[in-house]
Amino acid sequence: MVKRDVRSETIIDERRTWFFLDGKSLLGYRDLLFLMVRREWVAKYKQTLLGPFWFLLQPLLLTSVFSLVFGKIIRVPTQGIPMLSFYLCGLLPWAFFSQCLNSISNCLVDQAPLFAKVYFPRLIIPLSLVLSHLMTFLIQVIFFLGVSFSFSPRFLMLPFCVLHTALLGSGVGLLFSAMTAKYRDLKFLLGFLTQVWMYGTPIVYPLTLVPEKWRWISEINPLTAVIEEYRHFYFGTPFVIHPQMMALSILFTLFVFLTGLLMFNRVQETFVDFV
Amino acid sequence: MAKVIEVKNISKLYALGVVQFNTLRDSLLERWRLWRGERKSPLERSLSSNTFWALKDVSFSVERGEIVGLIGKNAAGKSTLLRILSHITKPTEGRAILRGRVGSLLEIGTGFHPELTGRENIYLNGAIFGMRKSEVKRKLDEIVAFAEIEAFLDTPVKRYSSGMYVRLAFAVAAHLEAEILLVDEVLAVGDISFQRKCLGKMGDVVKEGRTILLVSHQMAAVENLCSRALLLEKGRLTLEGSTEEVIKQYLKGNGRLSEKFFKGEAQGHVQIKMTLLSEDGHPVDTVRCGEDVTFVVEIHTEIPLQKAGLGIGISDMWGQRIATFHTHYQCDSKWEIQEKAIFKVTWPENFLCPGPYLITASVFEGEVAISYWPNAATLNIAPSDYFKTGKLPNPSHQGYVLVKGKWEVRDL
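As you go down the protein sequences, you meet chains A and B in turn.
Mapping the first sequence onto the working numbering, position 257 (from 1) lands on 257, and the numbers just tick up by one.
Mapping the second sequence onto the working numbering, position 239 (from 1) lands on 514, and the numbers just tick up by one.
This is chain A alone, in the form it adopts within the complex:
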C-alpha cells in the first residue's frame, strides 16, 4: 500500500541556503546512517585474515615503530611514562583525528557519482565516516585501557576529549571537503598539511620538550590542547598548557566545526554541477 501523505510537499527553487539544517530529514534517514557505518566497517575488513583484529594490531605496530625510533634511538623523554603507553596515548587520538579529517575532506568528491544520481541528506556521509572512525577509536581505547590501567575518576573526561577531537577533525574535514569540491589543488596541500600537523603537535614528544620561550607557538595549535587532554586523562599528568590556550582551542574547534558545517551545507546543494 502506498501511504498517501499529501503533507509531504517538496518545494524546489533557486534559493540557496546557509543556515538551513534539515534535522527532520536527517532523522528520517537514520537507517541509512547506520547502514553506511556498517558498510564502512564490514567492507574494510572483508577478505582479510585477521579481520577486526587489525583495529588493535595496526596501532600496536605503529606504536612499536615510534617507540623504537623516538624512544630507543633518538631517546625522547616521556615524562616518566612507560614508553609504549606514552606513544599509544598520543597516536590513537591522532589516528582518529587524521582519519576524520582525511576521509571527510575527500567525501564530496569521492561520493560524487552517488550524489549525482540520488538524493539523500548529504550530511549522512561525513556523519557516517565520523561514527565509523569513532567506533574504531573507542574499541582501541577500551581495549588498551582494559589491558594497562585501572579505573580512575579521570576517565569521566573521556567523552569530552573524544568530542573535542571529533569536532575539530570533522570541522576541518568539512571545510576542506567544501573547498576541494571546487578546487582540487587543496587535495595535495592536505596531505602535506597532515604531515606537518602531526609533527607540529606534541604527539610523539611531550610538550615539556618544547623550550618554554617557544611553547606558545605549539600551544596555539588547537590540537595540542586535545593531546594534552588525553595525556591528563590517561596518566593524570598535570596540564602543561596554559588554561587560556585550552579555552582558545575549544572556541576555535566550535568555530571551525560550525563554519565547516555551513560551508559543506552550501556547497553540497550545487556541487554536482561542477565536479
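Worth double-checking, as some hints may not be accurate.
Unchecked claim - With a straight-line cut-off of 30 Å between C-alpha atoms, the simulated DSSO-like cross-links for lysine-lysine are:
#: 1; chain 1: A; residue 1: K44; chain 2: B; residue 2: K433
#: 2; chain 1: B; residue 1: K412; chain 2: B; residue 2: K365
#: 3; chain 1: B; residue 1: K523; chain 2: B; residue 2: K582
#: 4; chain 1: B; residue 1: K482; chain 2: A; residue 2: K46
#: 5; chain 1: B; residue 1: K283; chain 2: B; residue 2: K582
#: 6; chain 1: B; residue 1: K609; chain 2: A; residue 2: K182
#: 7; chain 1: B; residue 1: K414; chain 2: A; residue 2: K187
#: 8; chain 1: B; residue 1: K433; chain 2: A; residue 2: K46
#: 9; chain 1: B; residue 1: K523; chain 2: B; residue 2: K414
#: 10; chain 1: B; residue 1: K414; chain 2: A; residue 2: K182
#: 11; chain 1: B; residue 1: K331; chain 2: B; residue 2: K548
#: 12; chain 1: B; residue 1: K408; chain 2: A; residue 2: K44
#: 13; chain 1: A; residue 1: K182; chain 2: B; residue 2: K509
#: 14; chain 1: B; residue 1: K414; chain 2: A; residue 2: K46
#: 15; chain 1: B; residue 1: K523; chain 2: B; residue 2: K482
#: 16; chain 1: B; residue 1: K609; chain 2: B; residue 2: K523
#: 17; chain 1: A; residue 1: K44; chain 2: B; residue 2: K414
#: 18; chain 1: A; residue 1: K46; chain 2: B; residue 2: K408
#: 19; chain 1: B; residue 1: K412; chain 2: A; residue 2: K44
#: 20; chain 1: B; residue 1: K666; chain 2: B; residue 2: K476
#: 21; chain 1: B; residue 1: K509; chain 2: B; residue 2: K408
These are calculated hints, taken from the structure and not from any lab test.
None of these values were measured; they are calculated from a predicted model.
Knowing the structure of chain A, use the given hints to seat chain B on it.
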C-alpha cells in the same frame, strides 16, 4: 484530480567554462583582478559567453496516477530536469512543487558495494532511496523473487554476473514505495524477458495510483506506458500532448523518419484501419501460439495510388522488429487503389512466444513508404501446448519464437 508535480518556469544555467575555474589559482587571480578594479577579466568574459541554458522556462504539471513520458534528443535537458526534480541540483530560476514522496531511478545500482552481500546491498540501496529498514524487510522476499537471485542472496555482489547485478538493482528500485517516481532510461536492463517484467511492473505501479515521469529513447515503451508526453528541445518544452502526437513530432524533428516518409499522412491522404482475426474469423486481440492469425488492413486514400503496397511489422514492446509481412517481398503484384481497398494476410500457425507484441503498418507507393503507423494494433499471444508435450512455452526461457526440433538422443 490533484496535481502532484507542478513545475513553474524552471531554468537551469550551466557554465561551460567551468573547467577553467577548477583550480584555486584561477579563482584567486580572478578575485585579485576584480579587487584591483579591472571590471571584466578575460576569464569572466569567456565565462559569460560560455554559458548555456540547459533548461529554459519549462512549466508543466502532472496529475496523480498519470504516467508521463519525457522525450527529446540527447542534451535536450531531460536528465537535468529529472535531476532538479529529484533534488540533486538546484534550478537557476523557477520553482517546482512535488506532493508526496519522491523516488528517483536515475541510475540503478548506485551505492551498491561490491564487498557486501546481496542481502546487505538490498538494505543499503533501499536506505539510499529513503526506505526505512522495516519497509525493506517487509519487501525483501518480493524483491528477491523479482530479481530471481534467491540462491545468491548471501553472496557478495562482486561475484554476481552483470545480469544478476542489474536485476537486483532494478528490483530494489522498483519496490520503492514512492508516490512519484522519476525514471531515467533504466527500463532497458537485463535480457528480454526481464525487460518485459520491468514493463509489467511499471504498469502495476501506475495501477496503484502512483505517478511516473519517464525518460526514454525507446518510443515503443513510451507509447505503451504513457498517456501523455512532453517534448523537450534544446532546453525548452516545445510540445505537450498525447503520446502519439508528441512522438510523431519528435521523430520528425529527429530526422529518423524523413518528411517524405510522412508526406502522405501529413496531407491526410491515407488512413488505415487494422483488425486481427482469429482462426474462425472473429475479430480478436489475443490468439494462442500455434493458431492462425489474420491481419486485415482497410486502406482509405484521397488520392488514387498507382502501385500500392503494404508492410505489416511485428515488434516486441520495445519496438524491436521481429518479423515483417510485405507485399513487395511476399507477392509480386502492386495494386491500383482508387479510394478504398482491403489487404488481408494470414499467418498460418503463428510461432510467437507468449507475450504482448506491437503491430506496425506502412503503406507504400511504389517503393516509397508514404505513411507509417508505429502502433497500428496490439497482438497478445497466449500460451498453448505448442509442442504437444503438455508443457506450456515460457517466454522467459524461450526468446521470441518457438521452433520445433527433431531430437535424437543416443546412449553412448
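Each hint, compared with the structure:
no.: 1; hint: A:K44 / B:K433; verdict: holds (15 Å)
no.: 2; hint: B:K412 / B:K365; verdict: violated (33 Å)
no.: 3; hint: B:K523 / B:K582; verdict: holds (26 Å)
no.: 4; hint: B:K482 / A:K46; verdict: violated (43 Å)
no.: 5; hint: B:K283 / B:K582; verdict: violated (52 Å)
no.: 6; hint: B:K609 / A:K182; verdict: violated (67 Å)
no.: 7; hint: B:K414 / A:K187; verdict: violated (42 Å)
no.: 8; hint: B:K433 / A:K46; verdict: holds (12 Å)
no.: 9; hint: B:K523 / B:K414; verdict: violated (40 Å)
no.: 10; hint: B:K414 / A:K182; verdict: violated (40 Å)
no.: 11; hint: B:K331 / B:K548; verdict: violated (40 Å)
no.: 12; hint: B:K408 / A:K44; verdict: holds (23 Å)
no.: 13; hint: A:K182 / B:K509; verdict: holds (27 Å)
no.: 14; hint: B:K414 / A:K46; verdict: holds (27 Å)
no.: 15; hint: B:K523 / B:K482; verdict: holds (26 Å)
no.: 16; hint: B:K609 / B:K523; verdict: holds (28 Å)
no.: 17; hint: A:K44 / B:K414; verdict: holds (28 Å)
no.: 18; hint: A:K46 / B:K408; verdict: holds (23 Å)
no.: 19; hint: B:K412 / A:K44; verdict: holds (25 Å)
no.: 20; hint: B:K666 / B:K476; verdict: holds (26 Å)
no.: 21; hint: B:K509 / B:K408; verdict: violated (41 Å)
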